[in-house]
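Q: Using the sequences and the hints given, assemble the complete structure.
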Amino acid sequence: MRVGVARIVDFRMSVIVRSVEGVGSGGLRAVVAVGRAGYLAVDALKALRRVEFWGPHLLPQMARVGVESVPIALFIATFTGIVLSLQASYTFTGTMPLYFVGTLVGKTMVLELGPVLTGLALSGRVGANIAAEIGTMRVTEQIDALETLAYDPVAYLVVPRVLAGAIMFPVVVMLANAIGVAAGWATALSLLDMSSQEFQKGLQLFFRPWDVEFSMIKSVTFGITVTAVGCSFGYHCRGGAEGVGTAATRSVVVATMILLALDAFWAYVLL
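In the working numbering, the protein residues as written are 281 to 551.
Honestly, the hints are just simulated from the structure, not real lab data.
Remember, predicted model here, so these are calculated numbers, not experimental data.
Idealized CB from N, CA, C, for every residue including glycine.
Take the hints with a grain of salt, since some may be wrong.
Said to hold, decoys possible - The following label-pair restraints were derived from C-beta to C-beta distances: (1) 520 - 376: 55 to 63 Å; (2) 526 - 480: 33 to 41 Å; (3) 526 - 477: 52 to 60 Å; (4) 374 - 522: 53 to 61 Å; (5) 312 - 374: 32 to 40 Å.
A: Quick look at the structure:
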């Protein structure tokens, strides 16, 4: 009897110890990752003066980060606008004037869903791509070769990608906002028996220019976050092909968590 009780106690203690070890090691890895990202951010700020390294690569990175991301952003925005219009009609029917459909579509698309859904989609497309690309260069020692040739790898690889994200994310989000509202408008006209004047009345009812500015502020920080996280995980990648895959996956997960936290932060601070 005592032996059985002792085994149960030992088993429970081992479970507790393993759980504590897991939490501790996970916390330690998180602290190390934050520290590495901080050092990389400082190096990137210092590398801004090395225009000769990052300048020629800025436009190609803007095309990769922004132009090539437009189709997926517009696809998401189109169906988001359609769903918003249909759900607003369902919610308001019999309780509020139908022109409030335009109000909900415009406000929700510009303030929240346009920037957030675009940021989340591009964290998978752009962030993972950057992490995999730079991670592959790290594990194949191409970054070491750049250092050997007296190139600053941070200025050469990190700075143009982060600047491209800060510049192009607002452009993509602005297009997504416009397409989302247009899709909601078209849905209201074709499926909800609303007139264009009714939808436009609701759209203009509570519109403020600050809404667009708020959307752009969020999109700039989202662009910097997605590209910087991808660069950080790729730059510190280890472990060959498996490490590259892990870096790409973690970059998407971490960027998504930070985007959602930033979304709540900006809503609290600016609204």
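Q: Tell me, which hint numbers fail for this structure?
A: The structure breaks hints 2, 5; every other hint is satisfied.
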